[in-house]
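**Student:** Residues per chain, in single letters:
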Amino acid sequence: MKKILTTPIKDEDLESLNIGDVVYLSGTLVTCRDVAHRRLIELGRELPVNLEGGAIFHAGPIVRKKDNGEYEMVSIGPTTSMRMEKFEKEFIKQTGVKLIVGKGGMGPETQEGCVENKAVHAIFPGGCAVLAATQVEKIEGAEWTDLGMPETLWINRVKEFGPLIISIDTKGKNLIEENKKGFNEKKKPILEKINQKIRFIK
Amino acid sequence: MNKDTQVADLTNLMSKFTAYIGKRLPTDVTTKLGELREKEVNFLAKEVYESMRQNQEAADQLDRPSCQDTGVIQYFLTAGAKFPLLGELEDILRNATLGATKEGPLRHNAVETFEEKNTGTNTGSKIPWLDWEIVPDSDSVIIDVYMAGGGCTLPGAAKVLMPGQGYEGVAEFVFDVITSRGVNACPPLLVGVGVSTSAETAARLSKKAILRPVTSSNPNENAALMEELLAEGLNELGLGPQGLTGNNSVMGVNIESSARHPSTIGVAVSTGCWAHRRGKIKINADMSYEIISHQGFKV
Chain A
15 MKKILTTPIK DEDLESLNIG DVVYLSGTLV TCRDVAHRRL IELGRELPVN LEGGAIFHAG
75 PIVRKKDNGE YEMVSIGPTT SMRMEKFEKE FIKQTGVKLI VGKGGMGPET QEGCVENKAV
135 HAIFPGGCAV LAATQVEKIE GAEWTDLGMP ETLWINRVKE FGPLIISIDT KGKNLIEENK
195 KGFNEKKKPI LEKINQKIRF IK
Chain B
544 MNKDTQVADL TNLMSKFTAY IGKRLPTDVT TKLGELREKE VNFLAKEVYE SMRQNQEAAD
604 QLDRPSCQDT GVIQYFLTAG AKFPLLGELE DILRNATLGA TKEGPLRHNA VETFEEKNTG
664 TNTGSKIPWL DWEIVPDSDS VIIDVYMAGG GCTLPGAAKV LMPGQGYEGV AEFVFDVITS
724 RGVNACPPLL VGVGVSTSAE TAARLSKKAI LRPVTSSNPN ENAALMEELL AEGLNELGLG
784 PQGLTGNNSV MGVNIESSAR HPSTIGVAVS TGCWAHRRGK IKINADMSYE IISHQGFKV
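In the order they appear, the protein sequences are chains A and B. Taken in order, the first sequence gives residues 15 to 216; the numbers are from this note's numbering. Taken in order, the second sequence gives residues 544 to 842; the numbers are from this note's numbering.
The set of hints was computed from the structure by calculation and includes no laboratory data. All clues given are correct.
Here are the simulated lysine-lysine pairs, DSS-like style, with alpha carbons at most 30 Å apart:
#, chain 1, residue 1, chain 2, residue 2
1, B, Lys751, A, Lys211
2, A, Lys152, B, Lys660
3, A, Lys17, B, Lys589
4, B, Lys645, A, Lys79
5, B, Lys841, A, Lys79
6, B, Lys589, A, Lys185
7, B, Lys582, A, Lys211
8, A, Lys207, B, Lys702
9, B, Lys582, A, Lys201
10, A, Lys194, B, Lys582
11, A, Lys194, B, Lys589
12, A, Lys194, B, Lys751
13, A, Lys79, B, Lys559
14, A, Lys216, B, Lys702
15, B, Lys841, A, Lys80
16, B, Lys559, A, Lys80
17, A, Lys100, B, Lys702
18, B, Lys645, A, Lys173
19, A, Lys80, B, Lys645
20, A, Lys173, B, Lys589
21, B, Lys582, A, Lys200
22, A, Lys200, B, Lys589
23, B, Lys582, A, Lys207
24, A, Lys17, B, Lys582
25, A, Lys202, B, Lys589
26, A, Lys152, B, Lys559
27, B, Lys645, A, Lys152
28, B, Lys751, A, Lys201
Based on the provided sequences and hints, a complete structural model is requested.
**Tutor:** This is the structure we're talking about:
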């Protein structure tokens, strides 16, 4: 059975989740990436959306304005979450956001933020932007539109949005960091094998 | 046909083709992804490959860009010196980018540096980026269109090694880039490696390398061996789709090279994500054309 999170998300909804679990999201999902993080954390500007118990998506979508003035979500996949590492711990603390969706892993600061404030980071499969767009029921609002299409805060109503693969859980486990450790351990013996065969300079 | 009509027709063709390659992957990439998908056994890897399959199907049916990051548009031209519209190509491709941005629609991805404003048109200073090679006796042009997305551009790196580090140093550099930053660049990746004389020559060649088909080999025997060894070795790391672990890491490794200074080995890596959006089109002197990378394209 599908595990579905619904906004507003409560601490107890997240406590049982472990890295590698697959969940889906119904409710509100707000896009939020580089400049929005910078504005809140570095420039101290108030975020124009309340994210208490909410979910953000590291994503810069393609949006089309329809003739009736409404927005249509065309294509919305995740962007590299690691770019937001610098800001995320403080972002979680200040906003009360519970679910951060993006691509690839995040670092130790975000891990700390997830433990201290009971939040999780999840991966939506990168590049699967039309699949994601078909799970957006409606764009309910747009804030900070001065930032241009990719950086605007798009407020989306989503239904069973996913798959979302938990990559940092509330206990501080970090899936991608663990995977990376494994890759790095394997690297040396593989290179030794290759290097014997490519001594072209003689 | 007069020149103005030819320019308008070619602009329209390139505009349509540029938008098209954001929606459908080239045939070689689709075939390779199908093969890799079959080899995966772990739950998360299979789950991600299934999302990828559903996504490409939805993009095709809904006629939408399959990934929201339609990149900075780059055109790599192999142009005959006698191609009738040689002098017009730069304007044609700039207007084609403007057209594709509306038609795709493409995401607005050109931020004017120092002014730090998104131009909203995918054009800006030197963007779309054009790379030229002139072929003396030819009257046709081959254009590789590439959507350089942010995620797969981020791992890009170049370095100049000392000859003592040898090709072993090249292999280590490639592995370091892939295990550190390649994980976030939407694997399985197509890895381009430039082996050359300096940082910028290697960098350019590494990008040219990912324009080659995923299964192609370098004509030089040693370079081809190294492509094979690197691909096997990177697969052994088992990045899997999205770095979630699996039986493969890469779609392939392509190496391009030039002669080098005896004191230097320039090396660079460029990566293409699984959604490797590139297209190859040949345009003849009479403006008839042939699509080399895709099947089923119509203006």
